[in-house]
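Protein sequence lines correspond, in order, to chains Y and H.
Be aware that the first sequence starts at 1, since it is given in my numbering, and climbs by one per residue.
Be aware that the second sequence starts at 297, since it is given in my numbering, and climbs by one per residue.
Please keep in mind that the hints were generated in silico from the structure rather than gathered at the bench.
Keep in mind that this is a model prediction, so the values were computed, not measured.
Be aware that one or more of the hints could be misleading.
Cross-link-like lysine-lysine pairs, in silico, DSS-like; alpha carbons within 27 Å at most [to be verified]: (1) H:Lys-416 with H:Lys-426; (2) H:Lys-531 with H:Lys-697; (3) H:Lys-531 with H:Lys-704; (4) H:Lys-711 with Y:Lys-46; (5) Y:Lys-46 with H:Lys-377; (6) H:Lys-613 with Y:Lys-46; (7) H:Lys-582 with H:Lys-456; (8) H:Lys-475 with H:Lys-531; (9) H:Lys-377 with Y:Lys-255; (10) Y:Lys-255 with H:Lys-711; (11) Y:Lys-255 with H:Lys-704; (12) H:Lys-531 with H:Lys-478; (13) H:Lys-613 with H:Lys-377; (14) H:Lys-355 with H:Lys-651; (15) Y:Lys-63 with H:Lys-697; (16) Y:Lys-63 with H:Lys-711; (17) Y:Lys-63 with H:Lys-531; (18) H:Lys-651 with H:Lys-352; (19) H:Lys-704 with Y:Lys-63; (20) H:Lys-651 with H:Lys-581; (21) H:Lys-697 with Y:Lys-255; (22) H:Lys-352 with H:Lys-330; (23) H:Lys-667 with H:Lys-657; (24) Y:Lys-231 with H:Lys-377.
Covered stretches of chain Y, going by a simulated chain H footprint (3 or more residues, C-beta under 8 Å) [what the hints assert, rightly or not]: (25) 42-56; (26) 241-252.
All C-beta atoms, glycine included, are put in the ideal place defined by N, C-alpha and C.
The lines below spell out each chain.
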Amino acid sequence: MRKARDWLPGLLLVLPSIILIGIFVYGLIGWNFQLSLTDKHLPGPKPGEFVGLDNYVALWELKRWTDSVWNLVVFTVVFLGGAMLLGFVLALLLDKPIRGEMTFRTVYLFPMAVSFIATGIVWRWLMASDSAAGLNGLFGAVGLGALVDGQTWWRDPETGMVAMALPAIWQLAGYVMALFLAGFRGVSEDLREAGRVDGATEWQVYRHVVLPQLRPVLMVAIVIMGHMSLKVFDLIVAVAGNSTVAEVPAVYMWKMVFDVRDPAFGASIASHLLLAVAVLVIPYLVWNMRNERDSS
Amino acid sequence: MRAGWKAVGAAALAGVLMATGCSGGGGGDDAGKKVEIFSWWTGGGEEAGLNALIEKFEKDTDYTVENAAVAGGSGTNAQAKLQARLEAQDPPESFQGHAGKELQENIEAGYLEPLTDFYKDEGLNDVLPKELTEQSSTDGEVYSVPVGVHRSNVLWFNPKVLEEAGIEKPPETTEDFIKALKAVKDETDAAPITLGVQWTADHLLENVLLAELGQEGYQALWQEDADWDSPEVTKALEDFEEISGYAETKGGDWQEAAQAVVDGDAAFNVMGDWAAGYFVNDLKKKDGEDFGYVAYPDTDGTYLWLADTFTLPVGAKNSEGTMEWLKLVSSKEGQDLFNPIKGSIPARTDADPEKYDGYLKWALGEWSDAKLAGSYWHGVSATNRQKDSIDNAVGNFLSDKDPDALQKGLVEAAKNP
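Required output: the full structure, derived from the provided sequences and hints.
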């Protein structure tokens with residue numbers, strides 16, 4: 001057995017954060033799950049009765065819930081796909097030593113520094129029905145005005161959530177670019193040279209030498225973007241306010257808790273969100289830990 | 297190579313930091329002579345009116361007021377904060393809220409003291425309209441004291457656009473209204489009617505329902521055995537479909553939609569009477585020239601009302617101070633001080649008409665002998681849950697334009713209020 005002197009100071013050092021995280025993160029997660037299993041549908045001191053998974057079952061029977069989940073799926077697919085693709089292309093372009101690389105990198109990264117609320121408000125104007133300004137004005141100016149027909153983009157029942165993903169792509173494509181660029185730079189130049197010596201074209205170098213080594217970056221990007229997308233709230237509210245057509249689970253949860261004041265129902269939506277994020281994050285963490293163990 | 301992965305790690309960390317937020321909380325205060333008044337009145341006439349009340353209160357009594365107003369989101373931020381404080385049994389001495397069922401959960405949770413005796417002691421039953429107190433009561437008890445009243449059923453119009461469309465006088469019936477909308481669409485470039493964010497459609501719906509069902513029929517919708525499946529409701533929803541079909545939906549909240557009327561870009565807008573203050577004070581427009589107003593068609597003589605009220609929370613540290621505050625806000629003096637500044641009319645029927653001009657003068661005249669119907673969207677008639685369900689049905693209607701589905705949604709919403 002090791003002497004206390006060896007492990008005690010280290011433990012004492014991290015103990016405060018273990019306790020705080022234990023209470024404020026895991027404790028509250030536990031409390032939320034407990035709440036979601038009760039019938040506490042009113043605020044107030046009276047505790048609820050245990051009802052098992054009733055709230056979860058009730059939720060899936062609501063068209064409103066399945067609608068909001070569908071909205072989120074559309075948003076996530078378009079946002080993830082768009083940001084990854086655009087970020088990847090930007091990184092590819094900047095990977096070549098070009099003049100003013102620093103400037104481009106900074107410019108593409110800047111939107112990330114803006115809060116989703118500010119982005120949302122600007123894009124609400126850009127996507128507004130006004131045919132003289134914003135995106136509609138742009139389409140009109142190039143003679144494609146008939147295509148948009150003076151519509152508010154995000155209000156369209158079919159394609160509204162696709163439009164809603166545009167500001168998110170705009171905001172985070174630069175971040176994906178930074179991730180990929182760091183990934184590209186992490187691939188040793190020797191390997192690329194070796195490929196070129198063997199007669200590979202530039203495209204083949206990327207396809208067969210660089211890309212296979214980017215898996216960690218891809219994973220990081222998907223996990224980070226994915227969990228942001230699942231929790232999306234501020235962007236939606238800033239663009240659409242409280243609109244049914246753009247309702248996603250996080251907005252629905254907020255309305256249940258603060259408008260309707262139904263803690264148990266809101267908690268069951270929160271649990272769904274946490275589980276959805278966990279499904280994304282936990283495999284990544286496991287994969288990450290296994291990798292680290294292998295490499296040490 | 298290692299350095300490269302570090303960069304990935306750093307970028308990843310930056311993303312996580314960005315994705316998380318943090319927020320701080322407030323603290324409590326000592327009791328004594330301090331009266332904490334909680335509201336979401338942080339700007340414009342609302343704030344000025346509240347400050348005038350506070351100033352008078354501090355002069356007339358030896359209490360000091362702590363103004364705990366929370367800004368933002370037309371009260372939603374304040375609601376969240378308030379709920380947390382009520383839950384923690386740390387209530388303010390009084391908080392602002394709309395009269396009626398909006399307070400229902402707080403009443404059921406046991407957060408509010410009944411004020412029925414206060415009404416009796418202060419003689420409020422003689423000076424407040426009987427229907428007002430009835431419609432804001434729960435099981436025969438009343439839980440808040442009104443300071444000012446707003447009207448929901450006001451049709452705002454632009455006289456010049458109406459003239460251009462060949463409409464001689466503002467419409468008085470739904471039939472005329474729909475004809476007028478068509479005339480504007482055919483004869484002018486202006487939008488016949490405007491809507492803003494989703495709740496403005498809820499607001500229009502309560503007006504259409506009142507117009508078709510009348511005061512009694514509308515009030516019956518909010519009773520326990522309400523019949524939302526009736527042919528009258530079907531007819532109202534057909535009107536709603538037709539009227540909203542003429543609407544141009546603006547991007548912003550209600551302001552942008554209302555502004556289109558005074559700017560001459562639209563003929564009509566249906567909005568509560570807070571729009572009057574916005575037109576005159578913020579946009580510097582002239583009553584009668586840039587805009588006019590009538591009761592929403594087929595609702596003349598009925599006041600679709602909502603009221604700002606103050607409450608007495610259970611466990612307020614200084615409830616004597618609360619009582620003093622409630623005495624002031626329910627007094628003739630207090631109401632005549634507050635309402636002209638805020639842009640609402642006093643709930644009391646014995647107010648001094650000299651203090652009100654422009655729109656408010658007209659409104660005060662209408663109030664004194666109007667029948668009353670409680671606004672559902674602004675908290676009088678519907679519980680928060682029913683209101684939320686109705687809003688969801690209206691939101692779906694705006695996408696699918698299906699009045700049958702809307703009616704089903706409304707029936708459903710009434711089942712679990």
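Tell me if chain H covers the region 241-252 of chain Y under the three-residue, 8 Å CB rule, please? That given contact holds, which follows from 6 residues of the region 241-252 of chain Y lying within Cβ reach (below 8 Å) of chain H.
Starting from Lys-475 of chain H, check that the Cα of Lys-531 of chain H is at most 27 Å away, please. holds (17 Å)
Taking 27 Å as the top limit, are the C-alpha atoms of Lys-255 of chain Y and Lys-711 of chain H close enough? Answer holds: Lys-255 of chain Y to Lys-711 of chain H is near 19 Å, not above 27 Å.
Mind taking a look at whether chain H covers the region 42-56 of chain Y? Criterion is 3 or more residues with CB to CB distance under 8 Å. Coverage by chain H holds for the region 42-56 of chain Y (5 residues, Cβ < 8 Å).
Hinted pair Lys-531 of chain H and Lys-704 of chain H, Cα distance within 27 Å: Holds. Lys-531 of chain H to Lys-704 of chain H sits at ~14 Å (cutoff 27 Å).
Restraint check for Lys-704 of chain H with Lys-63 of chain Y, where alpha carbons must lie at most 27 Å apart: holds (13 Å)
Measure nothing beyond the straight line between the CA atoms of Lys-255 of chain Y and Lys-704 of chain H; if it is 27 Å or shorter, mark the hint as holding. holds (22 Å)
Assess, step by step, whether the Cα of Lys-352 of chain H is no farther than 27 Å from the Cα of Lys-330 of chain H, and give holds or violated. Roughly 15 Å between the alpha carbons, so the hint for Lys-352 of chain H and Lys-330 of chain H holds.
Hinted pair Lys-697 of chain H and Lys-255 of chain Y, Cα distance within 27 Å: holds (24 Å)
For the pair supplied as a hint, Lys-613 of chain H and Lys-377 of chain H, confirm whether the alpha-carbon distance does not exceed 27 Å. holds (18 Å)
Assess, step by step, whether the Cα of Lys-63 of chain Y is no farther than 27 Å from the Cα of Lys-711 of chain H, and give holds or violated. holds (16 Å)
Lys-667 of chain H paired with Lys-657 of chain H [C-alpha distance capped at 27 Å]: holds (18 Å)
Violation of the numbered hints given earlier is absent; every hint is satisfied by the structure.
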